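Can you make the complete structure from the sequences, with help from the hints?
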Amino acid sequence: MNPLRYDLKIIASWIAPGSKILGLGCGEGDLLYWLKREKQVIERGIEIKESKVVKCIERGLSVLQGDINEEIEDYPDMAFDYAICSQTLQQVYEPATLIRSMLRVAEMGVVSFPNFGHVKIRLKLMTSGCAPVTKELPYSWHNTPNIRVLSLDDFKGFADQTGFRILKKAAINTNGGQGKRVTVLPNLFAGYGIFLIGKE
Amino acid sequence: MSGYPGQDPNGTTVELVEKQAFTFAQLPDKLALESGATLGPVTIAYETCGTLNKDNSNVILVLHALSGDAHMAGLYKSEKGKPENTKPGWWDTMVGPGKGIDTDRYFVICSNILGSCMGSTGPASIDPETGKEYAANFPMITIKDMVKAQKALMDHLGIKKILSVIGGSVGGMQVLEWCVQYPSMVVSAVPLATTCRHSALAIAFNEVARQSIMADPNWNNGAYYGKKKPDMGLAIARMIGHITYLSDESMRLKFGRKLQNKNSLSFEFGAEFQVESYLQYQGNKFIKRFDANSFLYITKAADYFDLAREYGNGSLVKAFSRCKAKFLMVSYTSDWLYPTYQSKEMVKAMKKNNLDVSFCEIDAKWGHDAFLLPDPRLDNLVTGFLRRAAHESVAI
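In order, the protein sequence lines correspond to chains S and V. Take 1 as the starting number for the first sequence in the numbering used here and just add one per residue. Take 1 as the starting number for the second sequence in the numbering used here and just add one per residue.
By construction, these hints were calculated from the structure, which means they are not laboratory data. Nothing here was measured: the structure is a model prediction, and the numbers come from that model. Note that beta-carbon positions come from the ideal geometry of N, C-alpha and C, so glycine has one too. Treat the hints loosely; a few may be bogus.
[Stated by the list, open to error] So the derived label-pair ranges between C-beta atoms look like this: (1) 158(V) - 40(S): 29 to 37 Å; (2) 211(V) - 2(S): 53 to 61 Å; (3) 70(S) - 254(V): 33 to 41 Å; (4) 70(S) - 227(V): 35 to 43 Å.
Next up, the structure:
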């Protein structure tokens, strides 16, 4: 089994063994596959891309093809222990609606996203005057799927406005496999944020 | 009971299979049908591939579509024990050693449907009460009745649990019916390119096909056995069917406006366009192997099928509440007979019941027929899903 990406390792460490997981935008199912093997979770995934869905099902995961915003609506209340939205929230048209749905179908949610408040981004915008392109956010303004650019602090404010609690958080820098936690001024120096959230 | 591995003329390993038959519902214990009528005795033709394991836990039941038969894979064994020089089964690309439905792992059974003319009891069979063919006196049958007959076959074979029930189109309807009618027997299910109820569009095409048979003067209210058959009507019915199995895109790619064996229009009513010639060829091929009355009965059964009406007072969510199986649903982008929205409606109802459902809409140009064509994506989906079903059923 391939080693898990650093940010996914942190998410995996927050998941209780044997729990029921919903993976929103689960890609090729790396996290679900790892959790199923190592933590005996019961997994369900939603992924929009056909080739990735085929890969997931081929790996023995229970995954269905569709749009996460629509598909999440069909699950009964509290059908899961965790709903995980890894590196996808920044591509969602109505993030508040999605997070409310996550906390309707699951006891807790996990959300991770690239930090738009990072110092590199701030400097790039200030010095070049152009929309910043970085390792974490590698797209140009005209082709980016990331329609909701937010910082770690934005998410904290969003929690208060939307009415959910942040139970755990991790601010990290990572090149994929390796990475480290950022404890000093995370909104300025962390590339990504990962949050465990629950109802108020 | 098991199939035998052999080699086909190209040296590829194939299963050598035999057509088998099981007869039940002997008089006076006739089979009670959904319509209230009774039928007996009932014969069901079936074939098997692979070997049944010790605890009978590797059974896969393959269910065929409208005009299919029990010959899903492999070649028939000749008297010398070598493969006969015949066509391999209709799903030979999927079922076989090392294939999507791997006969090295699973014991695969394919049962012909009640009402068919491929070795099972149907309108062309002899009615023991009259000594003549049933013809139009054959009782109306439903998908539920077909599945009831398959259940009798499973009982006969001593099979109490089915690892997976798999089928496309009308075969997929039987898969769904199995999951709802015998929920504790079915561990997992793969309904492909199917629906839980025909749309008005699907019923409309079937009705035109039936009318073309019934309008053939040779049909004679179904009593044509031993006489001239309603070949023209049946051929046209099949041509209509083939239009619904293709798609706008596949017809454009396959035929476009190309002419058959000529370069210019001849201004007459012969088959000039390639698409005309193709449909006529399919129609003429079909009348050699299929019975017109069987076509009438089976299309009617497909039109009657409505899982929500049958088991949920109109609610699909309620109908699926009886199920326990894990599902792999597959639809095709260009299938306009059973479009994706119909599969998604079922997926939705399954999710509302907290059922374990995987779903994939395969991007394919070939319309409804796509599920029968070789496609590594479908192979991979089925392989992975079956392995999980086998693994998790052991864990339970």
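Hints, one by one, checked against the model:
1. Take residue 158(V) and residue 40(S): their Cβ atoms lie about 34 Å apart, and the range 29 to 37 Å holds.
2. Under the hint 53 to 61 Å, the C-beta atoms of residue 211(V) and residue 2(S), about 59 Å apart, fit the expected range.
3. With their beta carbons about 34 Å apart, residue 70(S) and residue 254(V) fall inside the hinted range of 33 to 41 Å.
4. At about 56 Å, the CB distance of residue 70(S) to residue 227(V) disagrees with the hint of 35 to 43 Å.
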